[in-house]
Amino acid sequence: MLKRFSVPILIGFIMTLASAAFAAASATESVRISVDAIIGVLKDAKLDKPAKRDKIRVVIAERFDFRAMSQRTLATNWKMASKEQQQQFIGLFAELIQNTYISRVEAYTNETVKYSAEKITDDRAVVDTLILSSSAEIPVSYKLYLKDGRWLVYDVNIEGVSLINNYRTSYQEIVKKEGFPGLLAKMEEKVRELANQPS
Amino acid sequence: MKKLLILLLALAYAPSGAGLDLGSGAVEATETDAAADTPQGEEEMFPFDEEEEQYSVSDPLEPVNRGIFWFNDKLYFYLLKPVARGYRWAVPEPWRVAVQNVFSNLASPVRIINAGFQGKFSDAGNELTRFFVNTTLGIGGLFDTAKDHFDIRKHDEDTGQTLGHYGIGPGFYLVLPILGPSDVRDAVGTFVDSRENLVYYLFEGWTYYEVKGYEKVNDLSLDKDTYEGIKKDALDPYLFVRDAYMQYRENKVKN
Numbered sequence: 000m001l002k003r004f005s006v007p008i009l010i011g012f013i014m015t016l017a018s019a020a021f022a023a024a025s026a027t028e029s030v031r032i033s034v035d036a037i038i039g040v041l042k043d044a045k046l047d048k049p050a051k052r053d054k055i056r057v058v059i060a061e062r063f064d065f066r067a068m069s070q071r072t073l074a075t076n077w078k079m080a081s082k083e084q085q086q087q088f089i090g091l092f093a094e095l096i097q098n099t100y101i102s103r104v105e106a107y108t109n110e111t112v113k114y115s116a117e118k119i120t121d122d123r124a125v126v127d128t129l130i131l132s133s134s135a136e137i138p139v140s141y142k143l144y145l146k147d148g149r150w151l152v153y154d155v156n157i158e159g160v161s162l163i164n165n166y167r168t169s170y171q172e173i174v175k176k177e178g179f180p181g182l183l184a185k186m187e188e189k190v191r192e193l194a195n196q197p198s
Numbered sequence: 000m001k002k003l004l005i006l007l008l009a010l011a012y013a014p015s016g017a018g019l020d021l022g023s024g025a026v027e028a029t030e031t032d033a034a035a036d037t038p039q040g041e042e043e044m045f046p047f048d049e050e051e052e053q054y055s056v057s058d059p060l061e062p063v064n065r066g067i068f069w070f071n072d073k074l075y076f077y078l079l080k081p082v083a084r085g086y087r088w089a090v091p092e093p094w095r096v097a098v099q100n101v102f103s104n105l106a107s108p109v110r111i112i113n114a115g116f117q118g119k120f121s122d123a124g125n126e127l128t129r130f131f132v133n134t135t136l137g138i139g140g141l142f143d144t145a146k147d148h149f150d151i152r153k154h155d156e157d158t159g160q161t162l163g164h165y166g167i168g169p170g171f172y173l174v175l176p177i178l179g180p181s182d183v184r185d186a187v188g189t190f191v192d193s194r195e196n197l198v199y200y201l202f203e204g205w206t207y208y209e210v211k212g213y214e215k216v217n218d219l220s221l222d223k224d225t226y227e228g229i230k231k232d233a234l235d236p237y238l239f240v241r242d243a244y245m246q247y248r249e250n251k252v253k254n
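Residue numbers (numbering that gives the first Met the number 0), protein chains in the order written: chain A, 0 to 198; chain B, 0 to 254.
Worth flagging that the hints you see were computed from the coordinates, not collected in a lab. Quantities reported herein were computed from a predicted structural model and do not represent experimental measurements. Don't be surprised by glycine CBs; every beta carbon is placed ideally from N, CA and C. Certain hints may be false.
To be verified - Restraint-style ranges between C-beta atoms, simulated for each label pair:
1. A:Pro49 x B:Thr135: 45 to 53 angstroms
2. B:Thr225 x A:Asp35: 48 to 56 angstroms
3. A:Thr75 x B:Pro91: 50 to 58 angstroms
4. A:Lys48 x B:Val90: 25 to 33 angstroms
5. A:Glu192 x B:Thr135: 25 to 33 angstroms
6. B:Gly166 x A:Ser81: 39 to 47 angstroms
7. A:Thr111 x B:Pro59: 40 to 48 angstroms
8. A:Asp121 x B:His164: 29 to 37 angstroms
9. B:Arg152 x A:Ala194: 36 to 44 angstroms
Said to hold, decoys possible - Now the stretches of chain B that chain A is said to cover, found in silico as 3 or more residues with beta-carbon under 8 angstroms:
10. 92–99
11. 227–240
12. 243–252
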């Protein structure tokens, strides 16, 4: 593991805060482990597409905190929803997030991911990555928080656009027009639609 | 086919130049009231970040915008994308990247001028250096030599960002024919940018629109089906694109 770091960086870590450096490595490492696992699955020629998706789902479910994501997305609407509605929302939202994330990552299978920076404050971390493709560099950063000793992702920011903020504005508008049950119905329909699509 | 594309492009340029006033800076960022609330009962609410703020996007023209969005959608799937796909098949990727580099190099004045206007003189200097290096060593901009050999990276700046830098809000959301998502400020910006782009001075009349059309197709050929992904995944693609665009630009103005 240590071989991955060049010596100056390693010294830099030690020179600053030893404890912070330790936590620092683990936030980026957490993202790296998951991203590497996903890319590994995508590049695995022995698996067909549905099998790949299933495997990736497992990796994502371990790293993404869908409950936190759901709360952030719904904001005030979260508290107005019943427990059952909340549970239903988390399930559907997880499904949609996974789909969006997977289809984006699939498009960039052959590009390299560079881990450019990391900011840690207490139990929060932002891990900046760069997807390097032949024609562009796409900044993707992951927001994580420490929960029971594990770093979990609660937002993904692609080129300055936070996935959660984006969902929030759209979903709020749908709730305003069609109510919470209307939103859930729309999500259910979308999930069914995605499940029936061959890709 | 080509003529239609040109005609549509001409259409696109007319409205972006005409009659758009900068008057209504109606979009304001408001703190979400959720942030002020305390978690209820045994339910532990995930804490909100301090930067967590909610943009109320102003979209008074939504019905019209949705109409143009629909039009652009059809244009994309039935014309631009098939053309881009054929082109992608015919021309190897490195060539298409080189073409994109040339267009990017010709747009250098946009970045130089706007970095300068925002007082980012080192960025402006970098862009100027990039322009000279890539035009000469990069053979007319075919190669991004400045990045590849001198690690001088492109920094996107445009008139919309300059206006934003001086406190002018985005105004309301607009969907422009062919050009896609925009807002009042950026529509003006896009028009001004087109005049700071060397392409405007190198080609005249119809040829100009042909060249712009070609640039669009070349860009699309390098795109990884972003729009298809949105169409497939989003509950309401219109809202998704709108909110992503407004956030994206807001972020660009800040950087």
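So, going through the hints one by one against the coordinates:
At roughly 52 angstroms, the beta-carbon separation of Pro49 of chain A and Thr135 of chain B lies within the given 45 to 53 angstroms, and the hint holds. About 24 angstroms separates the C-beta atoms of Thr225 of chain B and Asp35 of chain A, a value inconsistent with the hinted range of 48 to 56 angstroms. A hinted range of 50 to 58 angstroms holds for the C-beta pair Thr75 of chain A and Pro91 of chain B, which are about 52 angstroms apart. The supplied range of 25 to 33 angstroms is met by Lys48 of chain A and Val90 of chain B, whose beta-carbon atoms lie about 28 angstroms from each other.
Separation of Glu192 of chain A from Thr135 of chain B is about 53 angstroms and departs from the stated range, judged on CB atoms against 25 to 33 angstroms. Remark: the range hint 39 to 47 angstroms for Gly166 of chain B to Ser81 of chain A is upheld by a beta-carbon distance near 44 angstroms. Remark: the range hint 40 to 48 angstroms for Thr111 of chain A to Pro59 of chain B is upheld by a beta-carbon distance near 44 angstroms. The given range of 29 to 37 angstroms is respected by Asp121 of chain A and His164 of chain B, whose C-beta atoms sit roughly 33 angstroms from each other.
Separation of Arg152 of chain B from Ala194 of chain A is about 42 angstroms and conforms to the stated range, judged on CB atoms against 36 to 44 angstroms. Under the rule that three or more residues need a Cβ within less than 8 angstroms of chain A, the assignment of the segment 92–99 of chain B holds, with 5 such residues. Under a criterion of three residues with beta carbons nearer than 8 angstroms to beta carbons of chain A, the stated coverage of the segment 227–240 of chain B is upheld, 8 such residues being counted. Restraint check on the segment 243–252 of chain B versus chain A: 6 residues with Cβ-Cβ distances below 8 angstroms, three needed, restraint holds.
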